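Novice: Chain residues, written in single-letter form:
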Amino acid sequence: MLNQAFDRLQSYDWGTDPGELKSIDEAVVATCGDAAARQDLETRLAAVLKTDASRAAKDFVCRKLMVIGTAASVPALAALLSQEELSHMARFALERIPDSQAAAALRTALKKTSSALQVGIISSLGTRQDAESVTALAALVDQSDQAVARAAALALGTIGTPEAAQALAGARPADAEVRLAATDASLACAEQLLASGDKVSALAMYKKFAGGDRPKHVRLAATRGMLACAGK
Amino acid sequence: MGVHQPTRRDFLKTAGTAMAAPYVITSTALGNDDRPPASDRIVMGGIGIGNMGRGDMGAFRSRGDVQYVAVCDVRKNFRDAAKAKTDEHYGNQDCQAYNDFRELLARDDIDAVHVATPDHWHAAIVIEACRHGKDVYCQKPETRTLREGPLMVEAARRYSRVVSGGSQRVLEDYRGVVDKCWGGQLGAIKSINVNVGPLSQPCNLPAETVPSEMDWDLWLGPAPWAPYNKARCDGNFGTSGGSWRSYVDYSGGGMTDWGAHHFGGATFAVDVRELQPAEVVYHDDAEGKYLEYRYPGGIVLTHNRPGKGNLDVEGTPGETRPAKPVPTYKGQGGIYGDFIECVKTRETPFRDIEMAVNTVLVCHLGIAAYQLQRSLKWDAARQQFTGDEEANRLLDRARREPWQV
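Protein chains in written order, with my numbering: chain A, 789 to 1020; chain B, 112 to 516.
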């Protein structure tokens, strides 16, 4: 049944009965705890990504690798990151594979993809809280491409390390929406600094947003943060 | 398990919603003898004006203390109809219609928005609304993934926004059960059952021509790309195919769609709505396939327990407990009035986003247990499964560019 499903995958497309691939879904569950069987399943799935199977078929494969993929699948997935039609589904798996090689593949692709796809890769690095990408992301916050700059700012906020906080403190985005994202990210970093006990750094970040012509809700957030730093 | 490291979430939890800072409500609308002055009216817009969104829009727009100024929907015919209805209501042409919610959120004159898009959009829009200083009423189920919930709560707390989940049924439909439990006549509550389903399924419908009035790319938003098919995106309330509620990229199926109501009612009745389960036990045995959620303190919530009815409660026969006052809405006008009242007073709404998230979390934990076909332990402090890397992969789903939360 499993072999039949893999055969079927080669001609699978939108409109095909997804029940034809049910054996693969069942194998994902059944191979839990059986390392050899799981590895074999993963290898077979990753191999499909290198064929001329349809977008729908590769979409299906990436969803399964999201659950069972390991470092072994990273090369096959990474090769899709620069493809407009499949970059997102490659990230669907890579974002959730815990192995550090998945993050490394995303970082490498950051330098090699179009700005439209970069936004997605940046988002995935942020979701992974990938501290190693902070330097690369910091360089993107002041970029002229609004979508990339905004994504980079938000990703730094999600990563939330002191280094990410520093990177945001040095950013000077010209675009209003990027500034809003950088503000939100800075407040997120300040919260993380405060939670980790670094009240001095947190206070310095909050003070930046407590006055001037900041929107009211931002000043409110910063004021609350400053009060929290003072133990109130 | 190591010592819990405080997180920024912990800080935001203790800081609370209310701040001793006045909130000036802006409005550009003119008043008349039957309506509060413009300065007292909440200026609102709606994002997602389909089946539920139309109802929410009507409820808010009909209030004298709301000035409804904007509608947003990726289907031109829907947003044009919503604008027309709103203009008719006010006798002017002032309502603006948007395809892209970001343009609506960028307006400084809008105080609050209601969100009734398909579920896969809820988190991104609610969080962005908070970033733009808006209060939000968000339809249930409020989240599509486990990771989204804490992020929505974080955004609400960071900016001291009033963010209410939906589900008027939690207080209204299950009142009899709630009153019995809170009234003390059942004694110590041991368990409550919820019957709901099904889970959502993959969608592989064939491609059809995209209608000219539909922005298909924006409808999909953060969900994986797929070809347009009417049945894929239809907003009917079915959960067994032929509607977005049926399909895994947009919804958790009946488990979340009606689960938000039933689990919401159940967790309210047994007073665990501020808690999260510590464990979900998967049963697939002679008795049948069902789940047990075990809460700190000992209360058990079951899902689809054979032989049990929906919201069947097990108390302690022969025992009574002192009655507790049942929390209820603030203001007038049900859950909508509760939201508006809290926007004015900065109080916490009945369906505060944290409690709404706790409810939908129950749905998502169950989906994970059924998908993996095993029991799972949940660490509420870390917002992850304990000792189950495979389950932790299910905490979130990568969003299609350019969308992120």
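Everything labelled a hint here was simulated from the structure, so no lab data went into it. Keep in mind that this is a model prediction, so the values were computed, not measured. Backbone N, C-alpha and C fix where the C-beta goes; we use that ideal spot for every residue, glycine too. Careful, some of the hints might be misleading.
Said to hold, decoys possible - Derived contacts from chain A toward chain B, CB cut-off under 8 angstroms, selection only: (1) I812; (2) A823; (3) M854; (4) H876; (5) Q917; (6) T949; (7) V988; (8) L991; (9) A998; (10) G999; (11) G1000.
Stated by the list, open to error - Taking lysine to any residue pairs in the SDA-like style, the calculated list, with each CA pair at most 20 angstroms apart, reads: (12) K488/B with K1004/A; (13) K810/A with L310/B; (14) K1004/A with R457/B; (15) K1004/A with L483/B; (16) K400/B with R960/A; (17) K810/A with D219/B.
Novice: Give a verdict on every hint.
Specialist: These are the hints, each one checked on the structure:
no.	hint	in the structure
1	I812	violated (12 angstroms)
2	A823	violated (13 angstroms)
3	M854	holds (6 angstroms)
4	H876	holds (5 angstroms)
5	Q917	violated (11 angstroms)
6	T949	violated (12 angstroms)
7	V988	violated (16 angstroms)
8	L991	violated (13 angstroms)
9	A998	violated (12 angstroms)
10	G999	violated (14 angstroms)
11	G1000	violated (16 angstroms)
12	K488/B with K1004/A	violated (41 angstroms)
13	K810/A with L310/B	holds (16 angstroms)
14	K1004/A with R457/B	holds (15 angstroms)
15	K1004/A with L483/B	violated (46 angstroms)
16	K400/B with R960/A	violated (56 angstroms)
17	K810/A with D219/B	violated (50 angstroms)
Hint violations for this structure: numbers 1, 2, 5, 6, 7, 8, 9, 10, 11, 12, 15, 16 and 17, all remaining hints satisfied.
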